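J.: Construct the complete structure from the given sequences, taking the supplied hints into account.
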Amino acid sequence: MAVQKMVMMNLVANLEDLDYLLKKITLSEKVHIVNAVEEIDESNFTLSMMEQNVEEIVNMCGIEAYHDGKNFRTLKEKMKTLVDMMQIEEVVRQEDFNEDYPFDLVVMELEKLYDSVKSLYNRRDRYLKELDQLKQMKVIDLLSKVEIDLSVLHKSRNFHMMLGTLTNEDRKKLSQNYENVPATIMHLGHFQGREALLVVTPMALKTETDRILRSVHFSPIELLRDYITMPTVCLERLYERIAIVKQELKKIDEESMSYRESHGQEVKRCYNQLIMEETIAGLKDNIAMSKRFFYFSGWIAESDSREMKNTLENERSVIIDFKQVEEVSAITPPTLLTNNSLLKPFETLVELYGTPSYEELDPTAFLGISYMLLFGAMFGDLGQGLVLALAGYFITKSPKKNAYGSLLIRMGISSSIFGFFYDSLFGYEHVISSLFASDAFFIRPIENINTILSVSIVMGVVLLLISLGYSIFNKLKAKDYQEGLFGRSGMSGLILYASLLAIVAEKAGLITIATGPLILLSLLCVGLIIVREPLANYVAGHKELYHEGASAYYVESGFDILETFLSMLSNSVSFIRVGAFALNHVGLFIAFHTMAEIIGNAAGEISMFIIGNLLVIFLEGLIVFIQGLRLVYYEMFSKYYTGDGKVFEPVCIEALDKV
Amino acid sequence: MGDIKRFAAVNTKIKALDALLLNNKDYELLVTMEEPEDIVLYLKEMTTYKDLFGEEETTRVDINRIERLLKEDIIEKFERLSHYYTDSYKKFYKALFTRYEIENIKLLLRMLIRKETISDLEKHIGQTKYQQVNMKLLAKASSIEDLINQLKGTSYYGLLVYYLEEDSDKMMFYMEMSLDHYYFKYLYKTLEGFSAEDCRLMEESIGQNIDVQNLQWIYRGLKYYGLSPEELLNYTLNLGYYLKYKDLKFLCYTDDMVLLAERIRATKYGDLFLDARQGSLFFELNMERYLLTLMKKLQKEHPMTILDTVVYMHKKEYEVRDIFTLLEAKRYHAPIEDVKKFLVHKVH
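Chains A and B, in that order, are what the protein sequence lines are. Position 526 of the first sequence, counting from 1, maps to 526 under the numbering used here, and the rest follow consecutively. Position 207 of the second sequence, counting from 1, maps to 1207 under the numbering used here, and the rest follow consecutively.
In case anyone wonders, no lab produced these hints; they're calculated from the structure. All values derive from a computational prediction rather than experimental measurement. Just so you know, not all the hints are guaranteed correct.
[Claimed, not checked] SDA-like mimics (lysine to any residue), calculated; alpha carbons at most 25 Å apart, straight line: (1) B/1136 / A/277; (2) A/284 / B/1139; (3) B/1044 / A/38; (4) B/1077 / A/357; (5) A/206 / B/1169; (6) A/80 / B/1135; (7) A/206 / B/1253; (8) B/1140 / A/283; (9) B/1077 / A/353; (10) A/173 / B/1263; (11) A/173 / B/1238; (12) A/543 / B/1051; (13) B/1013 / A/559; (14) B/1249 / A/183; (15) A/135 / B/1162; (16) A/129 / B/1164; (17) A/646 / B/1127; (18) B/1152 / A/133; (19) B/1140 / A/653; (20) B/1013 / A/353; (21) B/1170 / B/1259; (22) B/1129 / A/279; (23) A/206 / B/1171; (24) B/1246 / A/182; (25) B/1136 / A/652; (26) B/1246 / A/208; (27) B/1189 / A/219.
T.: Written as structure tokens, this is what we have:
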């Protein structure tokens, strides 16, 4: 339930172990890499001065960024061809990563596999290209009404004939200037979303014509020799040939499928080892090296650090040095949250607002518990809660993973617990209570309006007090004494809020307490909040008491205190919505019951039951989801949470997609 | 009066950002400084660049690094503004980013065509959120063919692949023209969903930009690259504000270069070409100043429109360009009067 403590891992080892160690680190998925060259520049990368480290330290003088000549592009292209040809899906396999292999061997195997399908691939490529050309040639169709032999024009020594397409806009542009174009241009009509033209130009002026056509983005269609004849004959031949080519392609597909049967596993293995190697190569951008050693830096959770050190040290000769966050000056460590499985999904809601900064308290636990409470209280229904939980369960089981499924389960369960006490099952009250002898532990919102509303305000007040506590802790931890001690979300704010609450409670006759001292205490806190900046500066011994002008400060601060009072009131009252939504939930159902009664038969009753429940689950569920978020974000987060942290992103393997 | 509902939030933000731009007094001081270090120090201590240069050393300034920081900063700032827009306005705003991508592609093309190498190339090439192309990968291209092949699948491939056979000196001109042509057309198309007023305003300002661009193409195409008038006419954009198709045609079919210069001078934009013989840099500066003045004027007449955003973006960009100019000028100790001439911002 906290932000994990991080340490900076500085690792030095022999260059020949580089690949092996990087692979280990990648597979562990526990290290957030940082650029070692920059680390060394910032002098964060230091090794303990021990005799056995001497060589490594001396070598650090001649350090530079790692260079690697490996070029993955052609390899990746070949791999892509293989995977495409054999239509292999789901290639990523964890077990291949762990296998030990020299990369040269993988390259050799890949080349071998590629060579054996190369001729197949080339053949397919040729046919595909031909198919494309044939389809383009169909433009002849637009000439089918013309009884001319194209070969006459095509063979002409003095004239050059072209067929091609361009956009309508460009065609208009060209036609505006026909008088200056040294060619005869005939617009044939619409073809594959573009405009087809027949262009005939004197041989002598071909270059000029070409340039002009290029400037209107004219794309010529290659005329295949065998088809330049009478248009009707040509079309016939085209269709015949297309059928043959398609058949050939089908045969090739079958052949590659049978190849997949025999060699599919090898291709998969090669694929995985290739992406492994590429990931490692990608990491090398962040690595520094000298003649014999390489230097690696990364953040790792302190709890994992010992194990990592032991594993690596057992396997190769390495020097690993851990540095505490305080010793690494310039960079802030990334944030890795750990929470138990109940609260884990709520991290999504926290991240939606912002990643906690490393120094901050992890708000997930507080958010998770308060959110479940608020949601359940607003949307309390045993039946519908279970429906939501069930829906959440199915989302978690679906292949597209996201955290909202698990969130929904928790929200649904909370809703059904509240629903039990609200005595509400799919909108029917008194059903649950009829099963029990005693009515004592049920509280139906609509029958206890005032209780529900006041309980929700009390709940809000408690939540607000806790958030102020978080706020004080965070601010003091960040050494922001001005806000932490004297600010409105600091100690003074907390005392002021508590004493105001006590005064209100006394006036309402709930408790008996002497209000005199409380009023004095509140006034003192107000005073502190107003003068917090000069006060904090004075205590800290700064000469300059005001950031910008005393008068401006007091005007601002005066209004600020007014706003503090307003927001204390509005923040507390804001929680009344929790009770209001609980009432609203019942209210909606009363409306549906009434409608069912008006219809007055069983069909009406059933249809209203279904429609009513669906509407309430979707519409009210959504509204309550948002209102709950609003309460935790606006009333609570805004007090204590900054959320400007950096996410912990451990190095891991990425599948091949961009070639 | 524009659309308050649409622009209230973003224009408030822009007013605040606008106030952070360097003012006349800043420029007057910056121009008189001696070394690049002084400039960085001043920016760091006295201006909004405080946050950006917070950790920068000011005793020995690495100009390349500063330029990169400024470039990244500008893109980041503009990207943040994008959240204020919805539907067609968002499309337009994103389309504006295409220019960065195109400028980067041009830079790479120029480098490969002229067979130059640029040190720290990757650092000059910023990646924006809305890009089609992965610039980091593209920057590794070893030849023009390679580069263009890598663009397969993007809108740029079709624009460039035609010119691979062209002579190397003409190739760049064709490619630049093609890319710019694409950009303006694309941008213009995004205006479709605008309100009538915004659409008119943008047509007026983009249209004049296109006018000037057309003039430039015609002048360079005829004078330096010997393109045929037919070809050139097809490359020009028929979306200009003052110069319509027949004006462009008239200009394209001018045989004599002296006559062409005269004819260009007779257009509405004649003044911008006055110092054309001094090199195209002044021309660019004139054009930028002209467009900025025009847009500022329109902005004053039409509050609460898209213009506030566009004007701010231009101002910010010119400011950064002026800082680059200042840094370079101070490095080579150029005379103050000359430096003033090269700044987009007018300094007295």
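J.: Is it true that the CA of residue 1129 of chain B sits at most 25 Å from the CA of residue 279 of chain A?
T.: 24 Å, holds
J.: Given the hinted pair residue 173 of chain A and residue 1238 of chain B, is their alpha-carbon gap at most 25 Å?
T.: With a Cα-Cα distance of about 9 Å, the restraint between residue 173 of chain A and residue 1238 of chain B holds, given a limit of 25 Å.
J.: Keeping to a limit of 25 Å between CA atoms, is the pair of residue 80 of chain A and residue 1135 of chain B held or broken?
T.: 22 Å, holds
J.: If you draw a straight line from the CA of residue 1140 of chain B to the CA of residue 283 of chain A, is it 25 Å or shorter?
T.: Distance ~18 Å between residue 1140 of chain B and residue 283 of chain A Cα, so the pair holds.
J.: Would you mind confirming whether the straight-line C-alpha gap from residue 1013 of chain B to residue 353 of chain A stays at or under 25 Å?
T.: 22 Å, holds
J.: Holds or violated: are the alpha carbons of residue 284 of chain A and residue 1139 of chain B at most 25 Å from each other?
T.: 19 Å, holds
J.: Verify the proposed pairing of residue 1140 of chain B with residue 653 of chain A, using a straight-line Cα cut of 25 Å.
T.: Measuring from Cα to Cα gives roughly 23 Å; hence the hint holds.
J.: What's the verdict on residue 206 of chain A and residue 1171 of chain B, does the C-alpha distance respect the 25 Å limit or exceed it?
T.: 20 Å, holds
J.: Tell me if the straight-line CA distance from residue 1249 of chain B to residue 183 of chain A falls inside 25 Å.
T.: 19 Å, holds
J.: Would you mind confirming whether the straight-line C-alpha gap from residue 1136 of chain B to residue 277 of chain A stays at or under 25 Å?
T.: Holds, at roughly 20 Å.
J.: Run the distance test for residue 1044 of chain B versus residue 38 of chain A: straight-line Cα separation, threshold 25 Å.
T.: 23 Å, holds
J.: For residue 206 of chain A and residue 1253 of chain B, compute the direct alpha-carbon distance and say whether it is at most 25 Å.
T.: 20 Å, holds
The structure shown violates none of the earlier numbered hints.
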